[in-house]
Amino acid sequence: MAVIEENPGYKWVGTRPIRPDGLEKITGKAQFGADSILPGMLYGSVVRSPHAHARILSIDMSVAKSMPGVKAVITSADFPDLALNGGSAGDIDMSNNVMARAKVLYEGHVVAAVAANTREQAKAAADAVIVNYEVLPHVLTVDEAMADNAPLLHDGMYTKGIDPKPEKPSNVASRVVHERGDLDKGFAEADLVIEREYTTKPVHQGYIEPHAAVADANSDGRAHIWCSSQGHFQMRAHTATVLGVSPGTIKVTAAEIGGGFGGKTVVYLEPLAVRLSQRAGRPVKLVMDRDEVFRASGPTSGTRIKVKMGVTNEGQLTAADVWMGYEAGAFSGSPVGAAGMTVIACYDIPNFFVEGFDVVVNKPRVAAYRAPGAPMAAFAVETVMDELARGINIDPIDLRLQNAVVEGTQASYGPKFPRIGFVETLEAIKNHPQYTAELGPNQGRGVAAGFWFNAGMNSSATVHINENGTATVVVGSPDIGGSRQSMALMAAEELGISYENIKPVVADTETVGFNDVTGGSRVTLATGAAVVDACRVITADLRARAAKTWDVEIDDVEWVDGQAQHVDGSQPPLSLADLAGKSGRTGGPISATASLNARGVGAAFSTQLCDVEVDPETGITRVIRYVSAQDAGRAISPAYVEGQMQGGVAQGIGWALNEEYIHNSSGVMENASFLDYRIPVASDLPMIDTVIVEVPNPAHPYGVRGVGEVGIVPPMAAVANAISDAAGVRMKDLPMSPVKLLEALNEKGK
Amino acid sequence: MSRRHITATINGDEVDFLAEEGSSLLNALRDEVGLTGVKEGCGTGDCGSCSVLLNDYLTCACLVFAPEVEGGTIVTVEGLANGGELHPLQQCFLEGAALQCGICTPGFLMAAKALLDRNPNPTETEIRYALAGNLCRCTGYDKIVRAVQEAASQIREA
Amino acid sequence: MARVHLSAGLRDLTGGVANIEIEASTVGRLIKSLDQMFPGIGSRLSEGSSVAINGEILTDAEYEKIPASAEIHFLDILQGG
Numbered sequence: 034m035a036v037i038e039e040n041p042g043y044k045w046v047g048t049r050p051i052r053p054d055g056l057e058k059i060t061g062k063a064q065f066g067a068d069s070i071l072p073g074m075l076y077g078s079v080v081r082s083p084h085a086h087a088r089i090l091s092i093d094m095s096v097a098k099s100m101p102g103v104k105a106v107i108t109s110a111d112f113p114d115l116a117l118n119g120g121s122a123g124d125i126d127m128s129n130n131v132m133a134r135a136k137v138l139y140e141g142h143v144v145a146a147v148a149a150n151t152r153e154q155a156k157a158a159a160d161a162v163i164v165n166y167e168v169l170p171h172v173l174t175v176d177e178a179m180a181d182n183a184p185l186l187h188d189g190m191y192t193k194g195i196d197p198k199p200e201k202p203s204n205v206a207s208r209v210v211h212e213r214g215d216l217d218k219g220f221a222e223a224d225l226v227i228e229r230e231y232t233t234k235p236v237h238q239g240y241i242e243p244h245a246a247v248a249d250a251n252s253d254g255r256a257h258i259w260c261s262s263q264g265h266f267q268m269r270a271h272t273a274t275v276l277g278v279s280p281g282t283i284k285v286t287a288a289e290i291g292g293g294f295g296g297k298t299v300v301y302l303e304p305l306a307v308r309l310s311q312r313a314g315r316p317v318k319l320v321m322d323r324d325e326v327f328r329a330s331g332p333t334s335g336t337r338i339k340v341k342m343g344v345t346n347e348g349q350l351t352a353a354d355v356w357m358g359y360e361a362g363a364f365s366g367s368p369v370g371a372a373g374m375t376v377i378a379c380y381d382i383p384n385f386f387v388e389g390f391d392v393v394v395n396k397p398r399v400a401a402y403r404a405p406g407a408p409m410a411a412f413a414v415e416t417v418m419d420e421l422a423r424g425i426n427i428d429p430i431d432l433r434l435q436n437a438v439v440e441g442t443q444a445s446y447g448p449k450f451p452r453i454g455f456v457e458t459l460e461a462i463k464n465h466p467q468y469t470a471e472l473g474p475n476q477g478r479g480v481a482a483g484f485w486f487n488a489g490m491n492s493s494a495t496v497h498i499n500e501n502g503t504a505t506v507v508v509g510s511p512d513i514g515g516s517r518q519s520m521a522l523m524a525a526e527e528l529g530i531s532y533e534n535i536k537p538v539v540a541d542t543e544t545v546g547f548n549d550v551t552g553g554s555r556v557t558l559a560t561g562a563a564v565v566d567a568c569r570v571i572t573a574d575l576r577a578r579a580a581k582t583w584d585v586e587i588d589d590v591e592w593v594d595g596q597a598q599h600v601d602g603s604q605p606p607l608s609l610a611d612l613a614g615k616s617g618r619t620g621g622p623i624s625a626t627a628s629l630n631a632r633g634v635g636a637a638f639s640t641q642l643c644d645v646e647v648d649p650e651t652g653i654t655r656v657i658r659y660v661s662a663q664d665a666g667r668a669i670s671p672a673y674v675e676g677q678m679q680g681g682v683a684q685g686i687g688w689a690l691n692e693e694y695i696h697n698s699s700g701v702m703e704n705a706s707f708l709d710y711r712i713p714v715a716s717d718l719p720m721i722d723t724v725i726v727e728v729p730n731p732a733h734p735y736g737v738r739g740v741g742e743v744g745i746v747p748p749m750a751a752v753a754n755a756i757s758d759a760a761g762v763r764m765k766d767l768p769m770s771p772v773k774l775l776e777a778l779n780e781k782g783k
Numbered sequence: 009m010s011r012r013h014i015t016a017t018i019n020g021d022e023v024d025f026l027a028e029e030g031s032s033l034l035n036a037l038r039d040e041v042g043l044t045g046v047k048e049g050c051g052t053g054d055c056g057s058c059s060v061l062l063n064d065y066l067t068c069a070c071l072v073f074a075p076e077v078e079g080g081t082i083v084t085v086e087g088l089a090n091g092g093e094l095h096p097l098q099q100c101f102l103e104g105a106a107l108q109c110g111i112c113t114p115g116f117l118m119a120a121k122a123l124l125d126r127n128p129n130p131t132e133t134e135i136r137y138a139l140a141g142n143l144c145r146c147t148g149y150d151k152i153v154r155a156v157q158e159a160a161s162q163i164r165e166a
Numbered sequence: 571m572a573r574v575h576l577s578a579g580l581r582d583l584t585g586g587v588a589n590i591e592i593e594a595s596t597v598g599r600l601i602k603s604l605d606q607m608f609p610g611i612g613s614r615l616s617e618g619s620s621v622a623i624n625g626e627i628l629t630d631a632e633y634e635k636i637p638a639s640a641e642i643h644f645l646d647i648l649q650g651g
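Chains as they are written, first to last, in my numbering: chain Y, 34 to 783; chain X, 9 to 166; chain Z, 571 to 651.
Because the hints were derived from the structure by calculation, they are not lab data. Quantities reported herein were computed from a predicted structural model and do not represent experimental measurements. Keep in mind that a hint or two might mislead.
Facing chain X, from chain Y, some residues (calculated, C-beta under 10 Å) [as the list claims (entries may be wrong)]: (1) Gln518; (2) Met678; (3) Val714; (4) Ala715.
Yeah, the Cβ is synthetic: ideal placement off N, Cα and C, and Gly gets one too.
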């Protein structure tokens, strides 16, 4: 592990104890989304559109209603039409995605739902719902959707960001632009210009736990939801919006979450479960089949990206011209905005023009997926960077080092970078023994880099000191990959007590203050900052209580190693247990809450090194060695930082080599199972070596930057560059499947 | 609607339960027996989250009809520990941070147990192929493979 | 005076103006001043933007204080995974 700054004497931060929720998860006790079983609970089933684009002419529920065990049936008529109630455009889209109104916009779009005594009865009733459709022409790709006279998904969609406002509606929701300098001048200064065009397919987050929700509605209008999500406060807010009720009437308990990667920030089943429960007067469980997860949740955008970049023979980048079309799925909101801001953010380029389009198509609405928007853009730019380096005969890391953004560089998206660790990740890979290790026949090596902003946002935490001096840390951020551990480690450091004496708890929406979603790599930074703040209120309180006990001024008391000490040593120290045990005498129970909108977000960079072996007869690419170097700021919980880095790489390798949504000409997904949508398995991958680079974020009490997302940005380009090195072909369309690679090899052999 | 009465030895105890003819073992274990440690990730035998040992064979509970297990022996993740003492695999998964979200963990533990029961000294490649029927989306498998290697070593030395 | 940089996507409202110097003590007051100069930009900035003050990206920053001679950038709101 490369540590840029030495650990400043932390006792707990940076250690690898057993995670607080581990035991429940290795014994089968942990309760995930589908694990709640309530007395009298019904099972729900959802009716989905078989068409990519169609008008709903009628829905006949009469047969379904009369079937055995059926207790409730609902359609869009059971939800308020937000378009008539002054709802925002975003809320109307959300509601129409939860339950189609008038038109279905993708195969899998919900048109009705039922609840019955058993799963089998619910499924049978769902099958008996008769929907009459008028099938409409559909569009599936950026090219089809942007074509002249393309069929429109939304009649009222006029492209935002174009002046003057377009006269005709289109499938382009918005346009984003970033520019600097003089593009023509920049390309004129270049000795080598490379221009390439890339496509990527929609890929799914692929969390192993399907979406699941149990709802129990009371006759007084209140409801309780148990669901797995990346943010139960967001589920509460969105469910309330779709149902047209106050969020305060809904309580959401966060089940353990079986993976999300951005895809579980979206409400799908919760409003349906509540409405069915209200209609039936019984609790209702809704669980998606894997097939439904693929057809109707996630994925991230398919894209078309054109990149033209210029470089001098001395290795100075002079210009970049980027065009990006991102599929949004059925409703506007692709991550093209972030793509535009990240696509060339690693480099200081004097002249550039970046233009991006958010394009609706008849596919499921895209959801966030780990560094949303950035990986596809990096695939394009980082492979062009590789071609530029080879073209001017310079080491690909040296080319990046020469143009890398550093503290004070004006970022391509506007502001100047604060302290960042990009150069340190490049150097970590350059100095890694793997970078110069010998390659065998048919093997090749590629590098690529990536950038992600990370997020701050709102968090609350409460810390209670128990009567024996142990502590309970209550947060409202669902723990998706070890955040309970990082919270407990920071609290242990602050309070000066053992990690084992701290119990972190993820509380429901009525037991802890508001928290934004677990996303944007923000929990260790923002919720962690709330925990640290609450602990500091407590240690200040503990000093005051010790001062009271000793009858001295608070300034004479320090909190050191979990105990109050008099500055001149004139009093025997008071431990947290001593003070907690007698807290009644010094003012009552010891407890503190902190709530904040986190500031001081630190950007993250990753540089990765990939070795592949290409089988020239089959076109199969095997990743044989992999190294990921990432600036974590400070790794509070290094084992789980490594886990985030390794997981991001594995998803990126799947995106690079196997994964894609395959739609037939009718707009029906043809590979909606884990058999046909193949995510990497253990035998596909090597060990994934990690180098945690620590360039502390100066704005966070422990230097945290956030680690969850940036790791998925470089892999596709790293794999593509390695394939090029191994096989001499440049792959420009993801996934780089054996069939495509074989075609490219045959073409090259001609 | 006909529900069958089924008797099987589950995690060492003889257990009775009712299940519909067409019910999967997965749904019966979760809904009727209350063993929700057996997870559903796909329902089609592709993800391994519902892995159990059925008559000592690693089995996807979603691919077996509940009535098929009449008289059989089933071990689920809930039966992996020996009373309060964790199985070495469980201990090594904990210590090696071999789980992130934890949804696939029960299935991985059962698949790894099935491997080590028949091959106490597997190579890394053997471990990777033995676990290839179990999907994990969080870890990239690195720490899972290492945890199984460590557990195998501890079991051999015990 | 704060130096305000307006992204290319906002320049349809500013008649092409990309940089401007304005005296404002908070982000909210800055947005108000900008809206007086470029009608319509206020709602776009307060609903659809993050703001970076001297390089630090902030959301919900209406009451954020602007230090003397700060560099201000308005950015698209980002979604995380």
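How the hints compare with the structure:
no. : hint   : verdict
1   : Gln518 : 9 Å, holds
2   : Met678 : 8 Å, holds
3   : Val714 : 4 Å, holds
4   : Ala715 : 4 Å, holds
Hint compliance for this structure: every hint is met.
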